[in-house]
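Undergrad: Residue numbers for the sequence shown follow full-length UniProt numbering, beginning at 1 and rising by one.
FYI, nobody ran anything at the bench for these hints, they're computed from the structure. Among the hints, a few may not be true.
Using C-beta positions, here's what the derived DEER-type ranges look like [to be verified]:
#, residue 1, residue 2, range
1, 108, 57, 17 to 23 Å
2, 47, 125, 34 to 40 Å
3, 114, 8, 21 to 27 Å
4, 107, 43, 40 to 46 Å
Taking lysine-lysine and the DSSO-like style, the derived pairs with C-alpha atoms no more than 30 Å apart in a straight line are [to be verified]:
#, residue 1, residue 2
5, 2, 114
6, 110, 6
7, 56, 86
8, 6, 114
9, 114, 86
10, 110, 2
11, 56, 6
12, 6, 115
13, 86, 115
14, 6, 51
15, 56, 110
16, 56, 114
17, 86, 50
18, 86, 6
19, 2, 50
20, 110, 50
21, 110, 86
22, 56, 115
23, 56, 2
24, 50, 6
25, 2, 115
Here the structure is a predicted model, which means the values were calculated and not measured. Heads up, the beta-carbon is just placed ideally off N, CA and C, and yes, glycines get one too.
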Amino acid sequence: MKLSTKGRYGLRALVDLARYSEEEPVSISSISAREDISEGYLEQLMALLKKAGLVKSIRGAAGGYVLARPAGQISVGDVLRALEGKLEPAECAAYHPDEGCQAADSCVTKYVWKKINDSINDTVNGIMLDALVEQSRQLRPGEEEKEKACSRK
(Lines of atoms letter the chains of each structure in order from A and count residues from 1; the text may use other names and numbers.)
(Lines give C-alpha, C1' and ligand atoms only; values in the text may rest on other atoms or scores of the structure.)
Protein backbone atom coordinates (compact mmCIF):
# COMPACT_ATOMS: atom_id res chain seq x y z
CA MET A 1 0.00 0.00 0.00
CA LYS A 2 1.32 3.40 -0.94
CA LEU A 3 -0.27 6.62 0.26
CA SER A 4 -0.67 9.51 -2.14
CA THR A 5 0.12 13.13 -1.34
CA LYS A 6 -3.54 13.51 -0.37
CA GLY A 7 -3.07 11.20 2.59
CA ARG A 8 0.39 12.42 3.57
CA TYR A 9 -0.29 16.16 3.23
CA GLY A 10 -3.82 15.85 4.61
CA LEU A 11 -2.60 14.17 7.77
CA ARG A 12 0.09 16.85 8.24
CA ALA A 13 -2.52 19.56 7.73
CA LEU A 14 -4.89 17.99 10.24
CA VAL A 15 -2.15 17.66 12.88
CA ASP A 16 -1.36 21.34 12.31
CA LEU A 17 -5.03 22.23 12.57
CA ALA A 18 -5.42 20.24 15.79
CA ARG A 19 -2.36 21.93 17.25
CA TYR A 20 -3.31 25.50 16.42
CA SER A 21 -7.12 25.55 16.51
CA GLU A 22 -7.58 25.10 20.26
CA GLU A 23 -8.26 28.83 20.78
CA GLU A 24 -9.45 30.06 17.38
CA PRO A 25 -10.09 28.84 13.82
CA VAL A 26 -7.01 28.31 11.66
CA SER A 27 -6.73 29.76 8.16
CA ILE A 28 -5.64 27.81 5.11
CA SER A 29 -2.85 30.35 4.58
CA SER A 30 -1.36 29.76 8.03
CA ILE A 31 -1.38 25.98 7.58
CA SER A 32 0.14 26.48 4.14
CA ALA A 33 2.96 28.62 5.53
CA ARG A 34 3.80 26.23 8.38
CA GLU A 35 3.51 22.99 6.42
CA ASP A 36 4.73 24.22 3.00
CA ILE A 37 1.64 22.93 1.20
CA SER A 38 -0.04 25.02 -1.49
CA GLU A 39 -3.23 26.81 -0.45
CA GLY A 40 -5.13 25.44 -3.45
CA TYR A 41 -4.25 21.86 -2.56
CA LEU A 42 -5.12 22.45 1.10
CA GLU A 43 -8.54 23.76 0.06
CA GLN A 44 -9.18 20.50 -1.82
CA LEU A 45 -8.04 18.43 1.16
CA MET A 46 -10.13 20.43 3.63
CA ALA A 47 -13.21 19.97 1.42
CA LEU A 48 -12.74 16.17 1.63
CA LEU A 49 -12.12 16.30 5.39
CA LYS A 50 -15.20 18.49 5.87
CA LYS A 51 -17.33 16.10 3.80
CA ALA A 52 -16.11 13.26 6.05
CA GLY A 53 -17.15 15.22 9.16
CA LEU A 54 -13.62 15.67 10.50
CA VAL A 55 -13.38 19.46 10.20
CA LYS A 56 -15.77 22.40 10.26
CA SER A 57 -15.32 25.70 8.48
CA ILE A 58 -16.01 29.01 10.19
CA ARG A 59 -16.92 31.95 7.95
CA GLY A 60 -15.94 35.55 8.43
CA ALA A 61 -12.88 37.71 9.00
CA ALA A 62 -11.70 35.59 11.93
CA GLY A 63 -12.80 32.39 10.21
CA GLY A 64 -10.95 29.31 9.17
CA TYR A 65 -11.12 25.66 10.15
CA VAL A 66 -11.50 23.75 13.41
CA LEU A 67 -11.78 20.07 14.20
CA ALA A 68 -15.34 18.73 14.16
CA ARG A 69 -14.64 16.63 17.25
CA PRO A 70 -11.82 16.38 19.80
CA ALA A 71 -8.41 15.27 18.49
CA GLY A 72 -8.52 12.28 20.85
CA GLN A 73 -11.57 11.02 18.94
CA ILE A 74 -10.05 11.26 15.45
CA SER A 75 -7.79 8.41 14.34
CA VAL A 76 -5.19 8.43 11.61
CA GLY A 77 -7.40 5.82 9.96
CA ASP A 78 -10.33 8.26 9.89
CA VAL A 79 -8.16 10.84 8.14
CA LEU A 80 -6.56 8.46 5.65
CA ARG A 81 -9.86 6.81 4.68
CA ALA A 82 -11.45 10.26 4.19
CA LEU A 83 -8.66 11.23 1.80
CA GLU A 84 -7.58 7.93 0.23
CA GLY A 85 -10.65 5.70 0.41
CA LYS A 86 -10.15 2.06 1.39
CA LEU A 87 -6.71 1.22 2.78
CA GLU A 88 -6.63 -2.34 1.45
CA PRO A 89 -3.26 -3.40 0.01
CA ALA A 90 -4.93 -5.70 -2.52
CA GLU A 91 -8.48 -5.74 -3.77
CA CYS A 92 -9.67 -9.21 -2.90
CA ALA A 93 -13.34 -10.03 -3.28
CA ALA A 94 -12.88 -13.18 -1.20
CA TYR A 95 -13.09 -11.32 2.10
CA HIS A 96 -15.98 -9.11 1.04
CA PRO A 97 -19.04 -11.39 1.19
CA ASP A 98 -21.21 -8.93 -0.75
CA GLU A 99 -18.80 -8.89 -3.73
CA GLY A 100 -18.35 -12.65 -4.03
CA CYS A 101 -15.42 -14.50 -5.48
CA GLN A 102 -15.49 -17.72 -7.50
CA ALA A 103 -12.18 -18.88 -5.99
CA ALA A 104 -12.97 -17.91 -2.38
CA ASP A 105 -13.33 -21.50 -1.20
CA SER A 106 -9.97 -22.64 -2.56
CA CYS A 107 -7.86 -19.46 -2.47
CA VAL A 108 -5.21 -19.40 0.26
CA THR A 109 -3.81 -15.96 -0.57
CA LYS A 110 -6.97 -14.30 0.73
CA TYR A 111 -5.66 -14.98 4.25
CA VAL A 112 -2.49 -13.04 3.49
CA TRP A 113 -4.44 -10.02 2.20
CA LYS A 114 -6.84 -10.13 5.14
CA LYS A 115 -4.01 -10.31 7.68
CA ILE A 116 -2.18 -7.39 6.06
CA ASN A 117 -5.41 -5.39 5.82
CA ASP A 118 -6.29 -6.06 9.45
CA SER A 119 -2.78 -5.04 10.56
CA ILE A 120 -2.93 -1.77 8.62
CA ASN A 121 -6.37 -0.92 9.99
CA ASP A 122 -5.44 -1.85 13.57
CA THR A 123 -2.37 0.38 13.34
CA VAL A 124 -3.99 3.48 11.81
CA ASN A 125 -7.10 3.15 13.98
CA GLY A 126 -4.94 2.95 17.09
CA ILE A 127 -3.11 6.24 16.51
CA MET A 128 -5.15 9.24 17.53
CA LEU A 129 -4.63 12.82 16.35
CA ASP A 130 -3.96 14.10 19.88
CA ALA A 131 -0.94 11.75 20.15
CA LEU A 132 0.47 13.21 16.94
CA VAL A 133 -0.12 16.75 18.22
CA GLU A 134 1.85 15.89 21.35
CA GLN A 135 4.66 14.44 19.23
CA SER A 136 4.62 17.62 17.14
CA ARG A 137 4.99 19.75 20.27
CA GLN A 138 7.98 17.67 21.37
CA LEU A 139 9.65 17.86 17.96
CA ARG A 140 8.93 21.57 17.47
CA PRO A 141 8.61 23.14 20.92
CA GLY A 142 7.65 26.79 21.34
CA GLU A 143 5.96 27.19 17.97
CA GLU A 144 2.65 28.26 19.49
CA GLU A 145 4.35 31.17 21.26
CA LYS A 146 6.14 32.24 18.05
CA GLU A 147 2.86 32.02 16.14
CA LYS A 148 1.01 34.19 18.68
CA ALA A 149 3.83 36.78 18.69
CA CYS A 150 3.79 36.98 14.88
CA SER A 151 0.02 37.39 14.72
CA ARG A 152 0.13 40.31 17.20
CA LYS A 153 2.51 42.36 15.01
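Undergrad: Holds or violated: residue 110 with residue 2, Cα cutoff 30 Å?
TA: holds, 20 Å
Undergrad: So if I understand the rule, the pair passes when the alpha-carbon distance is 30 Å or less; does residue 114 with residue 86 pass?
TA: holds, 13 Å
Undergrad: Would you check the hint for residue 56 and residue 110, treating anything up to 30 Å between C-alpha atoms as holding?
TA: With Cα atoms ~39 Å apart, residue 56 and residue 110 exceed 30 Å; violated.
Undergrad: Under the criterion that the straight-line Cα-Cα distance not exceed 30 Å, is the pair residue 110, residue 86 satisfied?
TA: Cα-Cα ~17 Å, so holds.
Undergrad: Given the hint that residue 86 pairs with residue 6, does the C-alpha gap stay at or below 30 Å?
TA: holds, 13 Å
Undergrad: Residue 56 and residue 6 were given as a pair; does the straight-line alpha-carbon distance stay at or below 30 Å?
TA: holds, 18 Å
Undergrad: Check whether the Cα positions of residue 56 and residue 114 lie no farther apart than 30 Å.
TA: violated, 34 Å
Undergrad: Starting from residue 6, check that the Cα of residue 114 is at most 30 Å away, please.
TA: Holds, at roughly 24 Å.
Undergrad: For the pair supplied as a hint, residue 110 and residue 50, confirm whether the alpha-carbon distance does not exceed 30 Å.
TA: violated, 34 Å
Undergrad: Verify the proposed pairing of residue 56 with residue 115, using a straight-line Cα cut of 30 Å.
TA: violated, 35 Å
Undergrad: Please work out if residue 6 and residue 115 have their alpha carbons no farther apart than 30 Å.
TA: The given pair, whose Cα atoms are some 25 Å apart, holds under the 30 Å limit.
Undergrad: Starting from residue 6, check that the Cα of residue 51 is at most 30 Å away, please.
TA: holds, 15 Å
The earlier numbered hints that this structure contradicts are 1, 2, 15, 16, 20, 22.
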